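Novice: Listed below, chain by chain, are the residues.
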Amino acid sequence: MNGFLEILSVGPAVTIQDLGRPGYARFGLSTGGAMDSYALAEGAALLGNQKHDAVLEMAGYGGKYRILDYPLWIALTGAAMQSSVDGRKVDWRCSLLLTPGQVLEVGSVIEGTPGGTYGYLHVAGGIRVEPEIGAMGTHLRAGVGGVDGKVLKAGTRLAIGPSDEDSDSKPPQKAMMLPDPEYLGRRNIRLLWGPQSERFSQRTRQRLLDETFALSHRRDRMAMRLHLEPDQPPFESLLTGLSDPVQDGDIQMTGDGVPAILVREHQPTGGYPRIATVITADHAAVAQLPTGEPFRFELVTLDQAIEALKIWRAQIHALAQAAQPVIRSPEDIDNLLDYNLIDGVISAGDQSL
Amino acid sequence: MPDPDYPTVIQAGDSGVMVLFGDSLDMSINNAAHAFDAALRVQNWTGVEEIAPAIRSVLVRYDPLRISADALKDKIIDLLSGRSWLEVEPDPNRRIWKLPAHYGEESGPDIESVARQLGKSIEATIEEHSQSKLTVLMLGFAPGCAYLGSLPKHWDLPRLDFVKPEVPPGSLSVAVRQTVLFATHIPTGWQTIARTPFLSFSRNTEPFFYLAPGDEITFEPIDLRTFKDLEREVQQGKQIVTPELPN
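Here the protein sequences come in this chain order: A and B.
Numbering follows this note's numbering, with no gaps: position 154 of the first sequence is 154.
Numbering follows this note's numbering, with no gaps: position 70 of the second sequence is 1070.
Bound-form chain A, shown alone:
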């Protein structure tokens, strides 16, 4: 007995996502999956979902979603967006029980620090669609997964999991919250030189480390182009070589001399020279950079990259323990007098405690 999530209206780039499809690069399909793996894990921790459960990834803008048939626990993670239920503000990184007929409205990313690009809507049990090539997540470039391999459209009714009867997902009992993570505010993106870095001149490589950049509007789940200011000339562009395998985080120098960071739906092979690779621990941070936000690249050693990955994984691993019961503030409670103020259930403190 699971309900539905009905899409009343939707942003231009909302997709069903999960951990993607590792293992098929040899057949021409990159892994894909959620742009922000931390945000994916946050939702699982708040709702007691499995780590592979499918969610909605909302790039820049969410939409309006109505709950049908059964009450539904939801959680919102990733970049915080303007959001409300029946006109009442909803907090990010908190789980929340919605009742049938209620409408969740998710708008644009809240401006200011830290900002971000991708917000995630999780439902207890996960979104359920027919798996394709072993997963539910949408690979837009390949046209695989999700609903018809495409971005979601208004009018679609999404079924709610769990996808298998044996799932040991535990339905949540109470509202939980997680603290705001640090990576969303990261503005120094760490990188390593790669197999083709030495094809570039020392001067070109130094330039990548010395200048301040921003992501341009030409960004999607496949690649994110840098925006060069008028006083930033194009980079040295090299001849295309033989196609070699490509990885998430590779910084490719396209023919017009503008670097592009390759992300989840990158081509599995490519001949454009790649100047460097963003470390795995910063993949979510770079994906979440707000468009136009200044940032810099920072060269690290392989040991430092692996140390950073250890810390990153430990943070994700600790999310289930980090989730705390929500403490509600009095102004959010309709009938304050019904509550017993003595037993400490209610704190007058800030809701973000």
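Among these hints, one or two may not hold up.
Not everything, but these chain B residues come out facing chain A in the computed CB check (under 10 Å) [as the list claims (entries may be wrong)]:
hint	residue
1	M1018
2	P1064
3	D1074
4	A1146
5	L1160
Simulated from the structure, these hints should not be mistaken for lab results.
Keep in mind the model is a prediction, meaning the values are calculated, not measured.
Using N, Cα and C, we set each Cβ at its ideal position, and we do this for glycine too.
The hints should help you fit chain B onto chain A, whose structure is shown.
Specialist: For chain B alone, kept in the frame of chain A given last:
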């Protein structure tokens, strides 16, 4: 002449090691990459997450918290030193496909232009292309998209100076002595000469992908009517071609 710079093992990001076998599109280099890929895959080394070959290289993606870069590279160098990879014979168990292909007309709008560039009749162009024994050099760009090589030397055709916004799945396009077989709707700057009703991947049925790196391919010219019939069978979920193994 063996190139003393190859094979070489290079760190690629914090979770990848790349093994390169040469710096040109050469069948012995491509074959070396496929042979080493096959050798790697049976090792089942702890921490290795994915092995992906391309035209002249193999990427080993690993979890650096389960195996260190140094330990992995030592194992790779050890495995490399066991054989002369550029001299290994093609895999005796490689699969051989004879794929039906409708040349020219709506399926291959650039056949006349290609024939003109080759200085051959359309018939002779079709005969030479279909009878060339091609190898899947790599799958890349998009799911199931196979790069097949190598055609005879005079097929070293340039890419178009524009990109066609989309060609349909099954299209066979040629350039630089290769044929690329698309499995999805794809933009291309190559010249499209034919279309096969065979689809190299299925989104619902395992093993999902039919062609593998190293497979051998020739084409069997068919007429438009046969193409339409086979296309219908594919849409109904039928497998219209099965590969053979070498004798």
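Novice: Against this structure, judge whether each hint is valid.
Specialist: Hint check:
Look at M1018 of chain B: its Cβ gets to within about 5 Å of chain A, closer than 10 Å, so that hint holds up. The beta carbon of P1064 of chain B comes within 5 Å of a beta carbon in chain A, closer than 10 Å, and the hint placing it at the interface holds. A distance limit of 10 Å between C-beta atoms decides the matter here; for D1074 of chain B the minimum to chain A is near 15 Å, and the interface restraint is violated. The criterion of a C-beta within 10 Å of any C-beta in chain A is met by A1146 of chain B, whose closest approach is roughly 8 Å, and the hint holds.
The interface hint given for L1160 of chain B is broken, as the beta carbon of that residue sits about 16 Å from the closest beta carbon of chain A, more than 10 Å.
Against the hints set out earlier in the document, violations occur for numbers 3, 5.
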